[in-house]
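Participant: One line per chain: the protein sequences are A and B, in this order.
Its first residue numbered 1, the first sequence is counted upward by one per residue in UniProt numbering.
Its first residue numbered 1, the second sequence is counted upward by one per residue in UniProt numbering.
By construction, these hints were calculated from the structure, which means they are not laboratory data.
Derived DSSO-like pairs (lysine-lysine); straight-line CA-CA distance at most 27 angstroms:
{"#": "1", "chain 1": "A", "residue 1": "Lys-37", "chain 2": "A", "residue 2": "Lys-50"}
{"#": "2", "chain 1": "B", "residue 1": "Lys-265", "chain 2": "B", "residue 2": "Lys-361"}
{"#": "3", "chain 1": "A", "residue 1": "Lys-121", "chain 2": "B", "residue 2": "Lys-360"}
{"#": "4", "chain 1": "A", "residue 1": "Lys-137", "chain 2": "B", "residue 2": "Lys-361"}
{"#": "5", "chain 1": "A", "residue 1": "Lys-143", "chain 2": "B", "residue 2": "Lys-360"}
{"#": "6", "chain 1": "A", "residue 1": "Lys-175", "chain 2": "B", "residue 2": "Lys-361"}
{"#": "7", "chain 1": "A", "residue 1": "Lys-143", "chain 2": "B", "residue 2": "Lys-361"}
{"#": "8", "chain 1": "A", "residue 1": "Lys-175", "chain 2": "A", "residue 2": "Lys-143"}
{"#": "9", "chain 1": "B", "residue 1": "Lys-127", "chain 2": "B", "residue 2": "Lys-70"}
{"#": "10", "chain 1": "A", "residue 1": "Lys-60", "chain 2": "B", "residue 2": "Lys-265"}
{"#": "11", "chain 1": "A", "residue 1": "Lys-183", "chain 2": "A", "residue 2": "Lys-137"}
{"#": "12", "chain 1": "B", "residue 1": "Lys-452", "chain 2": "A", "residue 2": "Lys-143"}
{"#": "13", "chain 1": "B", "residue 1": "Lys-70", "chain 2": "B", "residue 2": "Lys-106"}
{"#": "14", "chain 1": "A", "residue 1": "Lys-277", "chain 2": "A", "residue 2": "Lys-37"}
{"#": "15", "chain 1": "A", "residue 1": "Lys-162", "chain 2": "B", "residue 2": "Lys-360"}
{"#": "16", "chain 1": "A", "residue 1": "Lys-121", "chain 2": "A", "residue 2": "Lys-65"}
{"#": "17", "chain 1": "B", "residue 1": "Lys-265", "chain 2": "A", "residue 2": "Lys-121"}
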Amino acid sequence: MNTMNPSISAEADMQDQGPAIPVRENNPEDTVIEEGKTVGKPFAADPKFKLRNVSVSYGKDRAIKDISLDIGRNEVISFIGPSGCGKSTFLRCLNRMNDSIDICRVTGELLLDDEDIYHSKRDVVELRARVGMVFQKPNPFPKSIYDNVAYGPRIHGLANRKSDLDDIVENSLRKAGLWDEAKDRLDSIATGMSGGQQQRLCIARAIAVSPEVILMDEPCSALDPIATARVEELIAEMSESYTIVIVTHSMQQAARVSHRTAYFHLGHLVEVNETNKVFTSPEHQLTESYITGRFG
Amino acid sequence: METANLLPLVLVLAVVAYGLAYMRSRAVAAPLGGIRNLKALPFYYAARAALWCAIPALIVLAAWAGFEGKVIQGIVIATLPQDSWPDSPGQASLILSQISNVAAGKLDPEFVPEHIAGAASVLETMKSQSADFKAALVLLVAVSGAAFAWTRVSPHVNARINVETTLRRIFFVCAALAVLTTAGIVFSVIFETVRFFNRVPISEFLFSTSWSPQTALRADQVGSEGAFGVIPLFTGTLLISAIALLVAVPVGLLSAIYLSEYASKRVRSTAKPVLEMLAGIPTVVYGFFAALTVAPFIRDVAAMVGLEASSQSALAAGLVMGIMIVPFVSSLSDDVINAVPQTMRDGSLALGATQSETMKKVIFPAALPGIIGGILLAASRAIGETMIVVMAAGLAANLTANPLESVTTVTVQIATLLVGDQEFDSAKTLSAFALGMLLFIVTLLLNVIALKIVRKYREQYE
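Isolated chain A (complex conformation):
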């Protein structure tokens, strides 16, 4: 390609060599982001999570650069942004799922109900029981539907009798909108269900331990539109009793389910605002470029 049009390659070279001076106007890629600066409303009055100056690095690579954010009680907040912008990494800090990666280092202040998440004496088991998680790809255990939902309650000793456990399983499946489909085959293996059912089972599994927060990492990206609509309905219902943080690539989804939306870019938190505002009149130029599809 370059050999055919030398003028283009020459221009590209100039861009590479030059300092961070925008060559063309309105090019979102050239916008310089000031570290730690977020426009909009990143803070809340009575936050569930209080996150200050959070940075995450994998070895020498800095994945999250000085982010401060509050997540309110019973709030649904979506994280959007182009791939590799750090939104999943940031999400995984909230229940310390990054711990299993040796080279991952988290700095800054992360508080859940004013208690330090990364305190050296923090009980991770208790933290994760309070902050549940649903993953991108449905990951039911290769066990029966019943055993999948009962897994968490059994570990945490939430049921003293078999009938208590049955109640927990039924309630969780009901909340996840799966009871009617699953009640007649609780003993069949969970991996035999459809993708959408599996994802709702994973949600049921997460709420079976009565968490306060549910983290969702692109929960619908492996689902078809109908299954997606069901999960979104579920999120709307659950927002009455849980704080929900959802990472999504679908801006429509963010617009449909969340109260606030946070836009991430290259490890920076660029803008946080009411979802409505983000999608109608974003404050930051990068946000506008992203939601209008200029890149992403």
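Dock chain B against the given chain A, drawing on the hints supplied.
Facilitator: Chain B in isolation, oriented as in the chain A frame:
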């Protein structure tokens, strides 16, 4: 010309044919506007020429070398005078060896009858003529094959398909060779086993409890009836294998869990190869370790607590064998544990499970089929092991479950039955084949079960 010289010559011709056909195909392509107008790349025309040159010639060479001896022998025998024709295979081979000794100059022609000396000179001329014919024929086939391929270098001929087909056949022949070898071994063992069961009834072999394979050399010999009951050997095998597995399964499995779930990358990358090195130590080294270090140690310890232990014991052999097969269990288990998707671990950890709960309740059940496969593989290895047992557990066929006594195993008996000079039609020697057959069936069953288990549960988490 000798076969040893012909073989490289044919290969050189094949290389020449390759080069010529390559140039030829380019020359054919040039006036048409480049090799894109050929049906196949020049490489394929060249490779086809080389194959045409080499394969028929090599087949002729192999056939000639295979039948040369028999044909010449037949002709030489036929030249002998009618009255001295051999009337039994034994006599024929005697005469033939005499003739070839004379021909080779090892035997002076004056010491043998005249017709033998005459036959020897016939043999010599036949041999040299055969060599000349062979060389001429092979080279002719090679050159004409190459020439044929040369004439077929044309833009319309798709050499690519020919070459692919030929290569597929070559691969097939190689695969078939391995299968046929296995089948050949099995059949030869079966035939010998049948011969053995003609002498010793199968019910005695399977159900008698005494093993003493000495048969009488003379009719009046005392106490050498020969007893061929396989039960003491199999209990010995089972005892030693059980001890070995009792050592190998816990150690191997727990180290696999440590390596795959807990160890840091650096520890894992050193510890795993070191552990696998255990499998690379020759079994004879394990054997003398067991015989000279472990067995006396066991005897001393037993004496201290007031037990009587033989200086060669099943326990010593089993313990050392257990160490030997640890890597089979640990390495395979480590692989299957690692193959359980990370999403399973994440799912469990995100629910607040600890690492060991995750291991116990999610990873281990998902990996179980593979782990069982590894254990069964280790078990077949233990059952087939010979050297350690010979050195550390002895040769006495005791029917006992006491690990402190000396026992012997099926494989050890096979080895001792066939070591040294033996007549190959006595019940004693033939019993080795029956033992081998039985052992083969047992390990085959184990492998089939292992495969079944692995297949049945394999797709569970996929």
